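Those protein sequences? They're chains A and B, same order as listed.
Numbering follows full-length UniProt numbering, with no gaps: position 55 of the first sequence is 55.
Numbering follows full-length UniProt numbering, with no gaps: position 120 of the second sequence is 120.
Hints are computed from structural coordinates only; laboratory data are not their basis.
Here the structure is a predicted model, which is why all the values come from computation and not from measurement.
Hints may be right or wrong, so weigh each one.
[Stated by the list, open to error] BS3-like, lysine-lysine: derived pairs with alpha carbons at most 30 angstroms apart:
id: 1; chain 1: B; residue 1: Lys174; chain 2: A; residue 2: Lys77
id: 2; chain 1: A; residue 1: Lys74; chain 2: B; residue 2: Lys126
id: 3; chain 1: A; residue 1: Lys21; chain 2: A; residue 2: Lys74
id: 4; chain 1: B; residue 1: Lys87; chain 2: A; residue 2: Lys74
id: 5; chain 1: B; residue 1: Lys49; chain 2: B; residue 2: Lys174
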Amino acid sequence: MNIVGISACPAGLAHTPMAAKALEQAGKELGYHVKMEQQGSMGPVNAITQEEADQADFVLIASDQKITNMERFKGKKVLNVNINVCIKAPKAVLKKCVSVVKGD
Amino acid sequence: MKKLLAEWKGFLMSGISYMIPTVIGGAIIVGIPQLIGMIFGANDLTKYKSAQGFFHILYQINQVGWIGIGLVNLVIAGYVAYAIGDKPALGAGFIGGQLATNIQAGFLGALVAGFVAGYVARWCRKIKVGEAWKSAMPLLVVPLLTTGAVAIVLGVILSGPLSWINTSLVAWVKAMINNHTNGAIVAIVLGAMIGTDLGGPINKAAWMVGNILFIEGIYQPALMTNIAICCIPLGYALATFIHPRSKFSDEMFMAGRNNLIMGTFGITEGAIPFFLTSPLKLLPVNMIGGALGALVGEVLGMHSHIPPLGGLPGIITADNKLAYIAGIAAGALFIGIVSPLVANFNVSKDSEAETIDEDDIQINMNEL
Numbered sequence: 001m002n003i004v005g006i007s008a009c010p011a012g013l014a015h016t017p018m019a020a021k022a023l024e025q026a027g028k029e030l031g032y033h034v035k036m037e038q039q040g041s042m043g044p045v046n047a048i049t050q051e052e053a054d055q056a057d058f059v060l061i062a063s064d065q066k067i068t069n070m071e072r073f074k075g076k077k078v079l080n081v082n083i084n085v086c087i088k089a090p091k092a093v094l095k096k097c098v099s100v101v102k103g104d
Numbered sequence: 001m002k003k004l005l006a007e008w009k010g011f012l013m014s015g016i017s018y019m020i021p022t023v024i025g026g027a028i029i030v031g032i033p034q035l036i037g038m039i040f041g042a043n044d045l046t047k048y049k050s051a052q053g054f055f056h057i058l059y060q061i062n063q064v065g066w067i068g069i070g071l072v073n074l075v076i077a078g079y080v081a082y083a084i085g086d087k088p089a090l091g092a093g094f095i096g097g098q099l100a101t102n103i104q105a106g107f108l109g110a111l112v113a114g115f116v117a118g119y120v121a122r123w124c125r126k127i128k129v130g131e132a133w134k135s136a137m138p139l140l141v142v143p144l145l146t147t148g149a150v151a152i153v154l155g156v157i158l159s160g161p162l163s164w165i166n167t168s169l170v171a172w173v174k175a176m177i178n179n180h181t182n183g184a185i186v187a188i189v190l191g192a193m194i195g196t197d198l199g200g201p202i203n204k205a206a207w208m209v210g211n212i213l214f215i216e217g218i219y220q221p222a223l224m225t226n227i228a229i230c231c232i233p234l235g236y237a238l239a240t241f242i243h244p245r246s247k248f249s250d251e252m253f254m255a256g257r258n259n260l261i262m263g264t265f266g267i268t269e270g271a272i273p274f275f276l277t278s279p280l281k282l283l284p285v286n287m288i289g290g291a292l293g294a295l296v297g298e299v300l301g302m303h304s305h306i307p308p309l310g311g312l313p314g315i316i317t318a319d320n321k322l323a324y325i326a327g328i329a330a331g332a333l334f335i336g337i338v339s340p341l342v343a344n345f346n347v348s349k350d351s352e353a354e355t356i357d358e359d360d361i362q363i364n365m366n367e368l
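The shape of chain A in the complex, shown without the other chains:
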């Protein structure tokens, strides 16, 4: 599984990197390739390129907020999950996302 995603929170200070790191770490443990872009207070960190976007199986948005540059993911399945849930249970989130995507 090749997963790309974006995390964002109101202040863009703590939740954003926490969620990104939690999901990337959980991805490693589950054997998925996960790359998370952080749209925090300093603009995009660890940005996802068009190439990476094209290769992804699906897009995971860890936020309820406005995400910029979504055009990259045209034609991709986009899954929205609350950012706090991603911090608390990153493995469960990834597993569930994968099963939702496969289920279709």
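Go by the hints and put chain B onto chain A.
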């Protein structure tokens, strides 16, 4: 309905995320010249408006900061609109936000403007026109409809009612904080809200109450939230100093020391790693700590006549510095002493069970 509310909350949070740097930038640039002026014996910089020399330069810088404070409604309306309707909504949102300031409709007016501009722009995308008219849409039709809608809804229809509501609200808040008993209640409520979700929507709502009132010249609620924001992470930092090292895993100990910085700059999110170890036990501790800090500051008579800065730099902008420091100390001590007694911080991250069941995770899937 629930989904719509969650969506609206997301729009609001997006707006707030753009507003935060504006408010902070404004407050810092108001505060620093004011402080320098105070050190050199000029308490009121407005006296130097048409003077020459050093104090006049301070006055000029200070005025730039006030512009930032004055832009709060504009920024929030613009970016709420942007979150809803993308780029075509931004301009009308900005205009509506400034309109809200001008007609004294405040934050409420700004939100109405943002939502109107955003949804009209979103709806405009559904209009089907022929090829020849395609270029006229973004250049003429969409700006006309979005800004026109803002002008009619906020400029005409809701102008009176919203400015009345906002003016009454502001008067009510002023009366609340000028009365000691009510002021204490406000302090407890705002402080507890800050401690509830540490950077989440409830926390940001309380922060918002404080900061949106800057534009009305009311600073007391911001002082309350700032104390609570500061004392919670500092409390966990303090815990690593007053309790034995064996009570903390290596990770938690590091997180605690890290919270010295988080607390100093007023970032409640620093407390999240601790909170996650046992949320149910630490929720009341954080709420009480935040409320206690704000209450002690309020009771001891903290106040400020310029927009307060967050975190420890807030000591600079506070008029009654001892009250501000005492509030932070009280909240931090409470959390520092109590939190390791009720929760176990000697847990390694790997053994931490994921407390959320897969079935409880809500996922919305769309295809772009």
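CA of Lys21 (chain A) to CA of Lys74 (chain A), is that 30 angstroms or under? 25 angstroms, holds
Are the Cα positions of Lys74 (chain A) and Lys126 (chain B) separated by 30 angstroms at most? 19 angstroms, holds
Pair hint Lys174 (chain B) and Lys77 (chain A), alpha-carbon separation not exceeding 30 angstroms: The given pair, whose Cα atoms are some 50 angstroms apart, is violated under the 30 angstroms limit.
Going straight from one Cα to the other, do Lys87 (chain B) and Lys74 (chain A) come out at no more than 30 angstroms? The hint holds at about 18 angstroms.
Can you confirm whether the C-alpha distance between Lys49 (chain B) and Lys174 (chain B) stays at or below 30 angstroms? Roughly 28 angstroms separates the two Cα atoms, so the pair holds.
Checked against the numbered hints above, the structure breaks only hint 1 and satisfies the rest.
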